[in-house]
Amino acid sequence: MFEHLIREWSYLPIAFSKIFLSPISMTFLIIGAILGYVVGVLPGIAAMLGMAMVLGLTLKLPMDITYPLILGIWVSAIATGGITASLINIPGTPAALATAVDGFPMAKKGKAREASGAVILGSTLGCLISNIFALVGLPLFATFALLFGDWEIFLFGMMGILVVGALAGEDPIKGWIAGLLGFFISSIGMDELFAFPRFTFGNPYLTKGVGLLPALIGLFGLSEVFIVLKERKPYEIPGKKMGFAKIELSWIRKYLGTIFRSSGIGIWIGFIPGVGESVAPWVAYYAAKRSSKFKELFGKGHVEGVIAAEVANNAVSGGALLPTLALGIPGSGTTAILLAYLFLAGIRPGPLLIIEKPGFLVYTALLLIAAGIVTFIVAFLLSPFVIRILTLPREVILPIAVSLCIVGIWGAGFTVHDLWVLFAFGLLGFVLRTRGFPIAPMAVGILIGKILDTHLRRSIIQYITNPLGLFLRPIGIAIIVLLTLMLISGFRMSKAVRR
Amino acid sequence: MRKKKIKIIFLNLDFLTSIILIGFSIYVIYESIRMPTWYKGILGFLASPGFFPFIVGIFLLFLSVVLMIRTIKKLNLSPNINVNINIIDIIKSKSLEIKRGIVVIVSTALYIHFFKALPFTILTFIYLAFLFCFLKASPKVWINIVYALLASIAAYGITQALQIPLPQGW
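One line per chain: the protein sequences are A and B, in this order. If you're matching positions, the first sequence starts at 1 in the working numbering and goes up one per residue. If you're matching positions, the second sequence starts at 1001 in the working numbering and goes up one per residue.
Incorrect hints may appear among the rest.
Selected chain B positions facing chain A (Cβ under 10 Å, derived; list incomplete) [claimed, not checked]:
1. L1021
2. F1052
3. I1122
4. T1124
5. W1142
6. P1167
It should be emphasised that the hints constitute simulated quantities derived from the structure, not laboratory data. Since the model is a prediction, treat every value here as computed from it, not as a measurement. We put the beta carbon where it would ideally sit given N, CA and C, even for glycine.
Looking at chain A on its own, in the form it has when it is part of the complex (with noise of 0.2 Å):
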C-alpha cells in the first residue's frame, strides 16, 4: 500500500517543472489569477460564477492549459473578494464578510492601501500553508482511501451529503431536500448495473442522463446572473485612485500565532463537507481576536482581524482537496465545480486516483501553492486598479458571461438541448435559492448520486447471504464516528457563527 504513497511523493519533481518551468502553466496560471482577481472584487460575482462560466470553455483546450486557468480563478477569485470587502464594506466573495469586521474600518481611517496589503499577504499565506499540508497529506489520506470498498465509499458519500445539507444553508431541511433532488436528478438516463432508463419520459436525450456541464453551469452560473441582475444596488465607490497595496512582512513574525491558527482552522473547516470558506473566517476572527494581546482593538480596524480572516478562507482550499479527490465527494460549490471539471477531463477522482494517475495529487497540491503565488504578485500589481474594475457595470459583465456560459455549453456538446437543460437549471437554482435552499447539496447530490446508487447496490449483492457484515465492517464504523463528529463539530460553529 505503501508503495503508492512513495511513488506519489517521487513525482514532486515532475510536478515542478510541469509547473514552474513551463510557460504556458505560468501564463494560464496569471490569466487565471487575473480573471479571478476581476471576479473576487466585483460585488456579487462569486468565484463559482467566475470558474462556472470558463468551464465549458475550456472543453476544447488541453488540460495543460485549463487546469492552472481553473484553479487560478479560484484561489484568486477567493483571495482577492476580501480587498472589496475593506474598500467598501460590501465582501467581493462571500468567504470575505469577516474581512469586512476590521478592513472597512482601517480603510475609513486612511488605511486603505494596508487593508488591502493585509488582504493580499493573508491569503497567500494561508493558501501556501493549506496547500503545503496538501503536498503532505493528500497523498498519506488518498492511502488510507484505499481501503475503502464499494460499503465504505457509499457511506462516506452518504454522510457527506447529510453534513453538506445540514451546514450548507440557514436550514438544514432546505439543504437535505435540495441534496435528494440533486440525488434524483442524477438518477435520470440508464442505471449503470442493469442499463434501464429512469425517469426517461421516452426522451432519447434523457437516457444518457443529465448533462453535468449545463446542470452544474446553469445552477451556479447561470442563476447568480438571474439573482444579480434582477436587483439594482449601487455601491459607493471611495475616491478615485488607490496607489499599491501596502504590505509590511514584519506582520509575519507579529502574527504568527495566528497565522497558523487559523490556517489550521481553515484546513479542518475545508475537511467538513458544506461549511467552506463562509464559516471559516468566522471561526479564525473570533479565536484570534480571544488570544490576542490587543482585544479592544478587534472591530475598529486592526490588521491582525483582516489577517486571521484571510489566511483562514484561503486556507479551507487545502482541507478541501482532500475529499474531492481522494474520495470524489466535493464539500462545496467550488469544490463541486472542481469535480465536474475533472470528470469533464477524463479524470476519475476518488480511491483508486492515486494508482490510475500517479503524481496527480501532488502536481494539483503544487498548482494551488503556485497559484497561490501569482495571486500575490497579480493582486499586488493591480492593486492601483481596484478603484476602475470596482466601477465596471455588472449590467455589462453578466449579460457577457450569459452569452459565454451559452457559447461553452454548445461548445461541449452541440446541442439545443443542452442549452436548454442549462436554461432550466438557471431558473430552477434562481428559484431554490429565492425561496432559501442552497444550491451547493443539490450539486454534490447530481456529482455523487450516480456513484452512490451504484456502490450501494453492489455491496447489498456482495453481502446479500450476511447483511449485518455490512454494519460490522471496521473502516464502515470509523466513518460513521468521524463523520458524526464532524457534523457536529460543524454545527457547534456554524450555530456559534450565526450567533
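Using the hints, position chain B against chain A.
Chain B in isolation, oriented as in the chain A frame:
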C-alpha cells in the same frame, strides 16, 4: 378571519413548495416501485434500478411533510401575522425587481430559442444591446450599443480561437 388565515397559509410559498414536493416524491416512489427486478425475493428489489430512487423518494416525502408541518405551525403560532396581507401590495412593492427578473429570464430564453435560427454574432448583439439598454448599463443608448457591438465581436473571436463551430442561422 379563518378563511383569511387559510388563504395566508396557502399563499405562504414554503407551504406551496412543500405541497409540490410531496406530490413529486409520491410520483418518484410510485415510478421506482414499478421498475423491473432481475433477482427474486427481497434482493430483487434491493438490487433493482428502482431501489435508490425509492429511498430518495421516501426521504423526500418525509422532509417535505416536516417542512409543511413546520410552516403551518409557524403561521399558527406567530401572533404577529398580518391577516390582511395583500399579495397585490407585495407585488407592487417589488415591481421593479420582478420586472427586471422577468425581462432577464425571458430574454435569455429567447436567446436560446433563436440560437440556431439566427447567426450567432447578430443574435448576441441583439441580446446584449437589449439587456444593456433595459438594465441601463450606461445612461446613454449609443454607449450601450457600442458595448454590445464590442462584446459580440469579442464573443465571436473567442469561438473562433477555440474552434467552436457555430450555427449559421437562416
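Okay, the hints, checked on the actual structure:
Interface restraint check for B:L1021: the shortest CB-CB distance to chain A comes to about 7 Å, inside 10 Å, so the restraint holds. With 10 Å as the threshold, the beta carbon of B:F1052 comes within range of chain A, its nearest partner Cβ sitting at about 4 Å, so the hint holds. Look at B:I1122: its Cβ only gets to about 13 Å from chain A, farther than 10 Å, so that hint breaks. With a least beta-carbon distance of about 5 Å to chain A, the hint placing B:T1124 at the interface is held under the 10 Å criterion.
A least Cβ separation of about 14 Å between B:W1142 and chain A goes past the 10 Å threshold, and the interface hint is therefore violated. Among the interface hints, the one on B:P1167 holds; its C-beta lies about 8 Å from the nearest C-beta in chain A, closer than the 10 Å criterion.
Checked against the numbered hints given earlier, this structure breaks hints 3, 5; the rest are met.
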